[in-house]
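**Student:** The residues making up each chain are set out below.
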Amino acid sequence: MARLFTRLRVALLATAVLAASAACGDGFDDEPEQQSGPANLQILIASSGDAETNAVKEAAAAWASATGNTATVTPAQDMVQQLGQAFAGGTPPDVFYVDASRFADYASVGALEPYADRISGGVEDFYSSLRETFTYQGKLYCIPKDFSTLALQINTDLWAQAGLTEADYPSTWEELTSVAQRLKDADITPLVIGDTRDRIGAFMVAAGGWLVSEDGTTATADRPENLRALQYVQDLLRDGLAVYPSQVDAGWGGEAFGKGLVAMAVEGNWIKGALSNDFPDVKYTVIPMPSGPAGQGTLSFTQCWGIAAKSQYKEQAINFVEYMTTAEQQLKFTEAFGVMPSRQSARAGYLQQFPDDQAFIDSAEFAQGPVNAPKMDSVLADFDSQLQGLAEGDPKAILERLQDNLTTALQG
Amino acid sequence: MASTSAPRRPRGRMRTSQRSGIYGRQGSAGWLFVAPVVTILGLFLLLPILMALFVSFTDWNGQGSPFTGSVPMVGADNYKRLFAEPGLARLDFMTSIRNNIFYVLVVVPTQTVLALFLALVVNQRLLRGKGFFRTAFFFPSVTSSVAISVVFLFIFTNSGAINALLSFFGIRGPRWFSDARGVVHVALQNLGIVDAPPAALTGRNLLGLSWWEWISGPSVAMCAIIALVVWTTSGTFMLLFLSALQNIPVELDEAGDLDGTTRWQRLRYITLPMLKPTMFLVLTLGLIGTWQVFDQVYVMSQGDPAKTTLTPAFLSYRTAFREFEYGSGAAISFILFAIIVVLTLLQRWVMRERDEPRSRSRIARAFRRAVPSGGAR
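Same order as they appear, the protein sequences are chains A and B.
Take 1 as the starting number for the first sequence in my numbering and just add one per residue.
Take 1 as the starting number for the second sequence in my numbering and just add one per residue.
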């Protein structure tokens, strides 16, 4: 018996020692002391490819040599996971990309420094829809880096093959259905739509609906407008007028479109780079998304330059972000990797560079940003999984389920 | 330890200092020798597990340390949400459990039987090129699972090798990684028995999932992952069976031969009983491995299509690192741990050594007489 107690004591002691040794690493909970002078900025980016990585590295090096700081740019393999681990470990990078769909998660847990009011020159020049995207509880947290919108790409060769002309470019849902039918009659798969809310959502916006109310506090998924949009997409899918990328063995819409498997695709301006890299021979044109019952509507995607609340070099980081978001610097980025500048003053310069992108940049007027409320990821992932089965599913049930989940998540 | 190994006590005055004598010091010397391992295991295995257990009772959002007063304690809420409260958390969790049950039910028996079969084949004394086959069968096990997963993605694409092979026989292959229908559903549909799921099964539900969802079988996409895993792991387990087979004395088989047994009888009454300890090992390892399936899901499907390849291990990762609900994620992993422990104990109980052999076969009894020492073990 006595031995048992001895063992118990030893075990307890060992646990205590272990816990104490772990607690030694716990010095990371205080507000970090701000360092002035030359900073060593760690920058984590979710790069779309080498072009973007090199462009950001170049710009960061230019900033560093102009200001006497150092800046290390690291492209992330898996941005969400790496940032999550860095926050949990207490040593986040100073500056990092924040995707609009994840923004509220970071802002709600206090990981982001709300620095936007300290930007010299103010923030009025940035598109207001983008600023709204990065506003959480009435406070603008970070500066939008750039943005993209969805539009309709048309393969002009396949178009001509089906005997269609420029006059047939669809501008409404009805026209889209009828040209799709004509393409199908000519044995061409008409349209590819990604099987996620990030593509199908554009139809919901055009129908006048959206998942949450404008202030992001109430779920509005079960409105009849949304139902109408899903029914329209379901009809396209059922009649073989539209396909999901996996149905034609493509990883995403751009691949299906580039391979010439489909005549039309609903994708964003990132498709340009992908097509010129992988499928340079495809001839295509871009028109705005066909308007639905409530007029034109599309989705916008954006990222911002986040600064960690735990950074030691906030002043220098803000200076860095200012440098990266000037109109000139943004135009350099657009040239390198094809995103659209987030400043309205850069619009003209952009159109000069890329006159073909009129449709994309014009779509900013009627574009809807992602849902910006925290804890939405699993809810929206569930919605996506339902959308994957939309062709066989019941749109009303899908939206009701989404409404329930959204309501629960928005309360929590 | 000290008392059993010290039968002869020292006499005289030494008797009083018995516990601090040479045997008494053995205890501390023993601790000294195991100290490095205890420290390393404690620091890198036991402590993190305890920390994770603690996190599973908090609402830690991944900011700073979870061991400060500012992290809200939520008691068993994280666990309760997975079982008792209707909502997305429970739905996802139950879906992942459902998927994994089908996965285990298919993978464990298949890989065990296949491994045993392969081991029997390469154990044939008359087979030529044994070395080649052994290497070939074992090869998938030593290849990176991520690399294999990527190769399988290519094989299972709509226009990939599998579907090309099927179309050679006039079968139109499914769209492997976008087909969320369960195989039971597909089979019934093809037989023309049911078209839509029967209302009697979809109407009622158990823990948030309808009965139909519980019984519709692994999805077509899950079948592709199952095929991959069976292919990779059967090689590993073949090796275990092979080493056990080579430990069975040839005399046993020969004795059986003399008694005029058929090959099937020899397999059933000699080989399999001799393989029982290995069988237990293979089944246990298989059970543990299949409940923890993660990398194939991460690489190939990320839980899609329609969550039919979501597994608890992947869900735990997704909940913690993508949704910042570390408490919930940790809770899922501890439930997974409990499931594995309970099932392993259950399996131990099922496969326990019984004093009275149940076999009533005449041959087995005759055999036991012929070979008294071999079969009894």
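Mixed in with the good hints there might be a few duds.
Said to hold, decoys possible - Think about it this way: if two alpha-carbon atoms lie no more than 25 angstroms apart in a straight line, the pair counts; the simulated DMTMM-like pairs of lysine to aspartate or glutamate are:
#1 Lys283/A with Asp362/A
#2 Lys332/A with Asp357/A
#3 Lys375/A with Asp259/B
#4 Lys396/A with Glu85/B
#5 Lys80/B with Asp357/A
#6 Lys396/A with Asp59/B
#7 Lys375/A with Glu254/B
Treat the hints as calculated values from the structure; they're not laboratory data.
**Student:** Which constraints among the numbered hints does this structure fail? Numbers only, ascending.
**Tutor:** Numbers 3, 5, 6, 7 - these are the hints that the structure violates, sorted from lowest upward.
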